[in-house]
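Going down the list, the protein sequences come from chains A and B.
For the first sequence, numbering that gives the first Met the number 0 assigns the number 0 to the initial residue and increments by one for each residue that follows.
For the second sequence, numbering that gives the first Met the number 0 assigns the number 0 to the initial residue and increments by one for each residue that follows.
It is possible that part of the hints are untrue.
As the list claims (entries may be wrong) - Only pairs whose alpha carbons sit at most 27 Å apart, straight line, appear in this in silico DSS-like list of lysine-lysine:
1) B:K786 - B:K808
2) A:K49 - A:K15
3) A:K185 - B:K159
4) A:K51 - A:K132
5) A:K51 - B:K308
6) B:K159 - A:K49
7) B:K409 - B:K687
8) B:K695 - B:K9
9) B:K159 - B:K67
Treat the hints as calculated values from the structure; they're not laboratory data.
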Amino acid sequence: MDLQELSLAVQDGDDKKVKELVNLALQSKVSPENILNEGMIGAMSDIGEKFKNNEIYVPEMLMAARAMAAGMQILEPVLVETGVKPIGKCVIGTVKGDLHDIGKNLVKMMLKGVGIEVVDLGADVPSSEFLKKAEEIGADLVCLSALLTTTMPAMGDVIRVFEQAGVKDKYTFMIGGAPVTSSYAKQINADYYTPDAGTAADVAKDVLVRKAAN
Amino acid sequence: MKTFHTAELKVHQNEILQLLGYKDRLPQDEVLGLIAEEIDQSGEYLEPALYYEDVEIERIERDSVILKNQVSLEGEFITSKLSNCFKITATIATVGNKVTERVRAAFEQDDYLRAMVIDSIGIAALGNLNKRFWYGMIDTIAGTDFGITQPLSPGDTDWKLQEQKKIFQCLGSGFHQIKLTEYCLMFPEKSTAQIYGIGKNIGVARQGHTCSECSLRHCAYRQDGKVELVVSSEGAREVIDVESGANLLEILRNDHFFAESPCSGLGLCGKCKVKIERGISEPNEYDQHHLTKNEIGNGWRLACRIQIKGPMEVTLERKEGIEILTSGRTRWYEVQPLAERIDLQMAPPSIHDQRSDLQRLSDAYGANPLHVRLEDMAQISRTLRDYQFHVTAVIFQGKLLALAGNGGIKEFYGIAADLGTTTVAVYLMNLCDGTQIDVESAVNSQGAYGADVISRINYTIENSEGLTVLKNLIREQLNGMIGALCRRNGISESSIYHMTVVGNSVMTHFLLELPCYNIAQAPYIPVTNHSVEVEASELGLKLKGMITILPAIAAYVGSDITAGILSCGMLESKGYSLLLDLGTNGEMVIGNCDEILTCSTAAGPAFEGANIRFGIGGVRGAINKIDLSRNRIYETIDSAEPVGICGSGVLDATAQLLHNGIVDGRGRMHEPDDSRHRNLIIEIDGMKQMVVAHRKFNKEPITFTQKDVREVQLAKAAIRAGINLLLKEKELDYNQIENVYIGGGFGNFMNTESAVAIGMIPWQLRDKIRSVGNCAGSGAKAYLLSKELGRKAVEISGRARYIELAARKEFQEYFIEEMAFESN
Chain A
0 MDLQELSLAV
10 QDGDDKKVKE
20 LVNLALQSKV
30 SPENILNEGM
40 IGAMSDIGEK
50 FKNNEIYVPE
60 MLMAARAMAA
70 GMQILEPVLV
80 ETGVKPIGKC
90 VIGTVKGDLH
100 DIGKNLVKMM
110 LKGVGIEVVD
120 LGADVPSSEF
130 LKKAEEIGAD
140 LVCLSALLTT
150 TMPAMGDVIR
160 VFEQAGVKDK
170 YTFMIGGAPV
180 TSSYAKQINA
190 DYYTPDAGTA
200 ADVAKDVLVR
210 KAAN
Chain B
0 MKTFHTAELK
10 VHQNEILQLL
20 GYKDRLPQDE
30 VLGLIAEEID
40 QSGEYLEPAL
50 YYEDVEIERI
60 ERDSVILKNQ
70 VSLEGEFITS
80 KLSNCFKITA
90 TIATVGNKVT
100 ERVRAAFEQD
110 DYLRAMVIDS
120 IGIAALGNLN
130 KRFWYGMIDT
140 IAGTDFGITQ
150 PLSPGDTDWK
160 LQEQKKIFQC
170 LGSGFHQIKL
180 TEYCLMFPEK
190 STAQIYGIGK
200 NIGVARQGHT
210 CSECSLRHCA
220 YRQDGKVELV
230 VSSEGAREVI
240 DVESGANLLE
250 ILRNDHFFAE
260 SPCSGLGLCG
270 KCKVKIERGI
280 SEPNEYDQHH
290 LTKNEIGNGW
300 RLACRIQIKG
310 PMEVTLERKE
320 GIEILTSGRT
330 RWYEVQPLAE
340 RIDLQMAPPS
350 IHDQRSDLQR
360 LSDAYGANPL
370 HVRLEDMAQI
380 SRTLRDYQFH
390 VTAVIFQGKL
400 LALAGNGGIK
410 EFYGIAADLG
420 TTTVAVYLMN
430 LCDGTQIDVE
440 SAVNSQGAYG
450 ADVISRINYT
460 IENSEGLTVL
470 KNLIREQLNG
480 MIGALCRRNG
490 ISESSIYHMT
500 VVGNSVMTHF
510 LLELPCYNIA
520 QAPYIPVTNH
530 SVEVEASELG
540 LKLKGMITIL
550 PAIAAYVGSD
560 ITAGILSCGM
570 LESKGYSLLL
580 DLGTNGEMVI
590 GNCDEILTCS
600 TAAGPAFEGA
610 NIRFGIGGVR
620 GAINKIDLSR
630 NRIYETIDSA
640 EPVGICGSGV
650 LDATAQLLHN
660 GIVDGRGRMH
670 EPDDSRHRNL
680 IIEIDGMKQM
690 VVAHRKFNKE
700 PITFTQKDVR
710 EVQLAKAAIR
720 AGINLLLKEK
730 ELDYNQIENV
740 YIGGGFGNFM
750 NTESAVAIGM
760 IPWQLRDKIR
770 SVGNCAGSGA
780 KAYLLSKELG
790 RKAVEISGRA
800 RYIELAARKE
810 FQEYFIEEMA
820 FESN
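One chain only, chain A, in its complex shape:
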């Protein structure tokens, strides 16, 4: 069975069709891993790419994510049964003092879209919470968001908490938010700054693929 059609249905945000096609694929004995990788994750990578290039806008990206989630409802139990693991785990949150969570939510959605398991700590998250959760679930990535110049320094605080606990190198730190820049990322010892949700998902996937290869 051609998974291209499924990928297009995801990209079109057509959740009904996605459900149908996932069911059909499972019935035709396509491996669940292939359905996930080629049908869904592949579609979301394309979406991320198109979003970066301004070919599609936020609503289309959101509808694609919604369609993917619809498909995942069916696929997930099968994946668990067959022992397929997510490509990685991530803890995400908006740092202490900052309540803005929309950008963070978009990133969360795109990370899920590329097959990453995401634990969302919400907004105004104390630095120690990030450490606690990351250790608890054995995360690969820690994603931090801040929207104000006044709360941006709290991202540095989070990283310092990891350093003090001597576990900083276990994780890859990604940061984002309106006032954030890549030079700021360097300054606070974060690994990556990404300007939008599509790029964030791309980078996260790359990081995890490289990690798995090592």
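Given chain A's structure and the hints, the job is docking chain B onto it.
For chain B alone, kept in the frame of chain A given last:
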């Protein structure tokens, strides 16, 4: 602390689409439906509130603005923004917390799309709330010489976010629902803290957020890329660099092009249509709603619905009622500026060639020797050697202005300035290719010392420091305007190498700090009519190079007229043409490629609004059109609430009263016979007057009185008598006149039919009338950009003949003859 009361906030689908990033197409129906649904319900979850307080500025220091309440606003950004303000209005606005709760709830249900839509509605509503307040403030200052800055808010500019606290301090207590956390986060999230600066003669800022000033470099909505926009309007053509993504209507307004927009750009009225000559896109629903099929087919679109994405060329339907006229005739000459940027390569010295460095440089250029400022002389040897005797120089008539390594002077700019009695316009020009980069215009800050030149001269006579005061004002204003142009376009003042200045003789005398008392009294003698060339530093002007004040012709025919003659087209034909520059003074020129004859009449300031009961300049809300055959008999600039009558309205009023038989040929106002006009004429304090409109705030009528008619008679008689005398002098009759060029602000906006109807311009010349826009500004640019035309300007002024009307008996006769309306 005061509360701003406003009607229910309206959010439009289009605003939401913009916030969601849609630029060139509509989204799927599902998204549109969702937006409509959420907008529909927004009344339930939007809770707008805006509080404000006025605080006077006590003093401004180098890096801080200290307010009367002892709050000090810190930083270079805010200091420069408020530099000419005397007070601020601090505002705090919110649309409440329900909208944020609704966004969160949608996220929690994994309905991301709905969450984003609601969030965008909150942002747009908050923006509209602020905009409504801002426009309200603009309305209250309309017709005054007060101006207002753009909204300034900490955080998105170089003004630090921490400064939000100061805005809260300005408002004191008394509102509880908006709080500021220790991280300067406002709660509810959809809240803003902004200030506006208010000052005299600073102009009215109409553009809100300015991307180039914003510190969020990676913002998805950032619109920094410049694209070229060509705007044609009644023969004039201007090239403007605009930010990609900018709204066309906003750009047109900001650049003082007139585009009618009663609904202020919401797409509701369909009045802002423009013709797209290049860079057209498919018609959208607004175009289809407001425009005919034919119009759409011919390229008409609504300016308010256009985001500029690439190079574009548009034609405006008609142009009128702009505050300050800054457009003129398009360039028709080859660009070869007086300031030359030139590559010079020379053989390095040797034991057989021991010419001095300056000699070597001069020989390479072909001048003997180059004139060099002493402080620059010290650098020559070093520069030549650092760059192996291959350099780039800027040379102005044998004077070295800059020297750098080959290819090193990339930024090469000039300024053309038009100093009007009422307004000042400054054009930033690229000397590399002659394009206009930007223009800045403002009300002349000397206005406080008299509306006309004579009262300003009187001020300098009566006050020993008067001349210094006026000189400082104009120099500071020019520096401010040049600074603004530089900042806005990211260039440095030191890359401006030449500035040309035109103006009436009194304005240029003030700039040069030359005494004017002999201009004010017979026999009217200026210090000089010659062109004046000085280093910018000598005038205290902040640019690198030279200043040229163009030559004048006589005390009352200044360099602005020389510039007008140069640019209007008169010199290009053997046939005679007339040039009329109608302002406070009416300057008149008749000439052809061989000879020039000029005169000047005190047309009286009637057409600038002075001496007219409800007269005002061409500001927002000025009545600029009157037509008694319509239901609403007047139109105003920007379609704002009427505040008074400007020159073109005065002209129309007179013509309409004549046409309807309410004013007779001798200028007397009568009770109208016609029942239609019965209520039009009232009597106040024994004087008959026409009711034109009512002021909104006090319901008082705006009238045009019997005395106003008399003022117009005087003005029109002076102009017409001047025209007659010039024609008589050359023994020409009307059909020998090729063109009648009308320059100046009022001339450009007046209804020529009305001008002919009252006999100001002979009806025989009606079809020859051409508006040439700001011909003085165009001439100043021509002088800057073309050596050839510069020479011509000097030549024109040298051989132009000036007729002093006061010395002519027949002028009095013509004047009296032309006083009546019936002579044509």
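Now the hints, each set against the structure:
1. Between the alpha carbons of K786 of chain B and K808 of chain B the distance comes to roughly 41 Å, so the proposed pair goes past 27 Å and is violated.
2. Taken as a hint, the K49 of chain A and K15 of chain A pair is honoured in the structure, with Cα atoms around 23 Å apart against an allowance of 27 Å.
3. A C-alpha spacing of about 22 Å is found between K185 of chain A and K159 of chain B, which places the hinted pair at or below 27 Å, so the restraint holds.
4. Of the supplied pair hints, the one linking K51 of chain A and K132 of chain A is violated, its CA atoms being roughly 31 Å apart against a limit of 27 Å.
5. Restraint check for K51 of chain A and K308 of chain B: the C-alpha separation of about 18 Å stays at or below 27 Å, so the hint holds.
6. Distance check on the hinted pair: K159 of chain B and K49 of chain A sit about 35 Å apart at the alpha-carbon level, beyond 27 Å; violated.
7. At most 27 Å may separate the alpha-carbon atoms for a hinted pair to count; K409 of chain B and K687 of chain B exceed this at roughly 64 Å.
8. Proximity of K695 of chain B to K9 of chain B is assessed by CA-CA distance (about 24 Å); at most 27 Å being required, the pair is judged to hold.
9. Of the pairs offered as hints, the one joining K159 of chain B and K67 of chain B holds, with about 21 Å between alpha carbons and a cut-off of 27 Å not exceeded.
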